[in-house]
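From first to last, the protein sequence lines are chains A and B. Oh and the first sequence: position 130 is 130 in my numbering, straight run, nothing missing. Oh and the second sequence: position 11 is 11 in my numbering, straight run, nothing missing.
Among the hints, erroneous ones may be present.
What the hints assert, rightly or not - In silico contact screen, one side only, chain A against chain B (beta carbon under 8 Å); selected entries:
1) ALA52
2) TRP54
3) ILE55
4) PHE58
5) VAL60
6) SER103
7) ALA106
8) VAL110
9) TRP113
Worth flagging that the hints you see were computed from the coordinates, not collected in a lab. These figures come from a predicted structure and were not determined experimentally. Every residue gets a Cβ at the ideal spot worked out from N, C-alpha and C, and that includes glycine.
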Amino acid sequence: MTVDSERESPTRNLPGILEEDAEQWTAKLRNAAIDALPPQRLMPDRQPAYVASWIYVFGVLTLAALAVVIVTGMVLAIMGPTWWHVSPVGHFVNSLHLWSVESFFAFMVVHLWGSFFMAAWRGKRRLTWVFGAFAFLASVGTAFTGYLSQQNFDSQWIGTQAKDGINSTGAGAVFNVLNFGQMLMWHIVLLPLAVGVIVGVHVLLVRRRGVVPPFALDEPGAPDDPPGSSGTAASAAIEGEA
Amino acid sequence: MSVIAAVSQFVLGALFDLNRPGHYVHWGFIQLSVANLVVIGIMIVLFVAAILIPYRREGGDR
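Make the full structure from the sequences, and use the hints.
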């Protein structure tokens, strides 16, 4: 079927949608996605001037560390426990996995501190903050099951220490920290998937609402956000200066 | 053992003896290893530095 531009729905900003197709869920979903995150907002060329601060760097540092965690985790999964326990290269990649996790948490917590003291939930950014908190909690669970998957005395100690705490919550019936196979599956399948999805939504929300401006630029009396801006009016006013 | 491994073991081994129980600080019901306390201190230093140190921009100091 060819697309006739004269038959396109005039109410939508997307080219290529036939009027009779406008009610289809695919068209609606596509429209909603483009409305929420137009390409120039999803991948902007410039950021507001106030983003030129080291405190704003820690979000992307966290993402970079997460990328190293995932890649090294995949290498460990490919090569297997004997490799990471015995061979020098395996030791090295195992250590990379550990220290990228340590870096991930350190950067994430500094990012959290910066976001907290900037009240980063301002300007309709509540969901961004909430998904950031969920990402933190899911990451704690992933790291915890990682410690249980080490196959050494450390993991045995942590498992036996943790079982009573977990059992006291009632979760022990379905989440047995002494069950190595179950913890390994949680660590390499379920929790990384959860962290990936939550972090992905968090980043998309940051792109949708823009980076929170400093308090001085977000005082009452500032004009409302213009349509299509990536953040507050103040940020839009100085956008392009960074 | 490579020369680098031998040297690093000698230097770091002198600084951090890992063949003994770790050091802990106790504050009421709170118990923290000195290693974790050092990491937290470094994170606080990073946080303060990130706020105070100017971000160098491309094209000068506008």
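Now the hints, each set against the structure:
With a cut of 8 Å, the hint placing ALA52 of chain A at the interface with chain B holds, because the nearest CB-to-CB distance is about 5 Å. With 8 Å as the threshold, the beta carbon of TRP54 of chain A comes within range of chain B, its nearest partner Cβ sitting at about 4 Å, so the hint holds. The beta carbon of ILE55 of chain A is positioned within 8 Å of a beta carbon in chain B (closest approach about 4 Å), and the interface hint is therefore held. Interface restraint check for PHE58 of chain A: the shortest CB-CB distance to chain B comes to about 7 Å, inside 8 Å, so the restraint holds.
At its closest, the beta carbon of VAL60 of chain A sits 13 Å from a beta carbon of chain B; the interface hint therefore is violated under the 8 Å criterion. Against a cut-off of 8 Å between C-beta atoms, the interface hint on SER103 of chain A is violated, since the closest Cβ of chain B lies about 11 Å away. Taken as an interface hint, ALA106 of chain A checks out: its beta carbon lies about 5 Å from the nearest beta carbon of chain B, inside 8 Å. About 5 Å separates the beta-carbon of VAL110 of chain A from the nearest beta-carbon of chain B, less than 8 Å, and the hint is met.
A hinted interface residue such as TRP113 of chain A counts as satisfied when its beta carbon comes closer than 8 Å to some beta carbon of chain B; here the least separation is about 5 Å, so the hint holds.
The earlier numbered hints that this structure contradicts are 5, 6.
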